[in-house]
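Take the sequence shown: its letters are residues 100 to 363, numbered as in the working numbering.
Please keep in mind that the hints were generated in silico from the structure rather than gathered at the bench. Hints may contain errors.
[What the hints assert, rightly or not] Dumping the calculated PhoX-like pairs for lysine-lysine here, alpha-carbon to alpha-carbon at most 20 Å:
1) 278 / 333
2) 285 / 340
3) 321 / 333
4) 340 / 278
5) 285 / 333
6) 340 / 270
7) 296 / 325
8) 285 / 270
[What the hints assert, rightly or not] Here are the computed distance ranges between Cβ atoms for each label pair:
9) 281 / 153: 38 to 48 Å
10) 297 / 321: 14 to 24 Å
11) 132 / 156: 32 to 42 Å
12) 155 / 272: 42 to 52 Å
13) 340 / 193: 54 to 64 Å
None of the values given here were measured: they were computed from a predicted structure. Where a beta carbon is used, it is the ideal one built from N, C-alpha and C, also for glycine.
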Amino acid sequence: MGRKKQILSFNDIVFEDRNTEYGAYVLRKKYNFHLTVATLSAVILVGLSVIIPYLKILNKTYTIGYGSGRKVVSLNMEEIPPPPEQIYVPPVMTPPPPEAKQTEMKYVAPVIVDSVPDKNLLLPPAEEVKFTEETNTDNISSYAGTGEDELFGETGSGNAYDYFIIEVPPKFRGGDVEKFREWLIKRVIYPQEAMQKGIEGKVYLTFIVEPDGSVSNVNIVKGVDKLLDDEAVKAIEASPKWSPGLQRGRPVRVRFSIYLNFAL
100 MGRKKQILSF
110 NDIVFEDRNT
120 EYGAYVLRKK
130 YNFHLTVATL
140 SAVILVGLSV
150 IIPYLKILNK
160 TYTIGYGSGR
170 KVVSLNMEEI
180 PPPPEQIYVP
190 PVMTPPPPEA
200 KQTEMKYVAP
210 VIVDSVPDKN
220 LLLPPAEEVK
230 FTEETNTDNI
240 SSYAGTGEDE
250 LFGETGSGNA
260 YDYFIIEVPP
270 KFRGGDVEKF
280 REWLIKRVIY
290 PQEAMQKGIE
300 GKVYLTFIVE
310 PDGSVSNVNI
320 VKGVDKLLDD
330 EAVKAIEASP
340 KWSPGLQRGR
350 PVRVRFSIYL
360 NFAL
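Please put together the full structure from these sequences, using the hints given.
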């Protein structure tokens with residue numbers, strides 16, 4: 100049999116009668132293997148660099164803030180269900196037996212001016228910022244004051260009508276309470292310290308629009324924390340003047356009830 104013909108490669112021809120154990124011959128011989136490994140490694144690295152950020156984006160929760168890291172309180176206004184009217188029943192008294200020359204005396208039942216609402220009724224299910232209205236049209240909240248005509252008293256004195264029973268409600272910059280809500284949204288800022296401490300909740304307040312349109316008697320009815328309470332009071336006290344409410348054609352004091360919801 101004849102000998103099999105051996106086909107030499109280009110490398111075998113170039114390195115004939117030369118060292119083939121190491122050096123340039125070995126590098127040339129393994130070139131295709133090294134090229135394949137490098138190509139696969141590059142493809143894997145590029146694929147990971149695209150997939151890993153995409154997976155992080157899918158699992159990431161974003162927190163939206165407004166201006167310099169400050170979080171603005173979300174606000175809204177709605178009616179709050181009124182507390183039930185409490186009817187006072189005077190106790191039955193038995194008159195004493197008559198005595199000689201005794202002056203006749205009549206018993207006068209005490210009259211309740213303001214009913215105290217149940218605290219649980221101050222927690223309506225809705226959120227944000229709300230103005231409350233009550234259904235008892237005879238309910239006029241009493242405030243200590245002086246003067247002969249209390250309902251039409253000067254600023255800071257006399258009684259105040261509730262917002263919903265007034266003939267002509269106060270107007271804020273030519274609009275209704277919606278205008279005040281828009282202004283308050285821009286004014287109330289979540290205190291940075293309260294955010295860091297995780298303090299949140301609803302602050303219940305009342306305030307009065309005076310006959311001259313100024314805002315007074317901003318009072319905390321139910322607070323959360325001094326940081327949130329002070330911010331709520333400060334925002335309302337900074338209110339510009341309103342157009343006063345009118346009753347029988349005369350400017351009167353009108354009381355508003357409101358709560359601000361500070362939520363993280």
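So, going through the hints one by one against the coordinates:
no., hint, result
1, 278 / 333, "holds (18 Å)"
2, 285 / 340, "holds (17 Å)"
3, 321 / 333, "holds (16 Å)"
4, 340 / 278, "holds (13 Å)"
5, 285 / 333, "holds (13 Å)"
6, 340 / 270, "holds (9 Å)"
7, 296 / 325, "holds (13 Å)"
8, 285 / 270, "holds (18 Å)"
9, 281 / 153: 38 to 48 Å, "holds (40 Å)"
10, 297 / 321: 14 to 24 Å, "holds (20 Å)"
11, 132 / 156: 32 to 42 Å, "holds (38 Å)"
12, 155 / 272: 42 to 52 Å, "holds (47 Å)"
13, 340 / 193: 54 to 64 Å, "holds (57 Å)"
No hint from the list above goes unmet by this structure.
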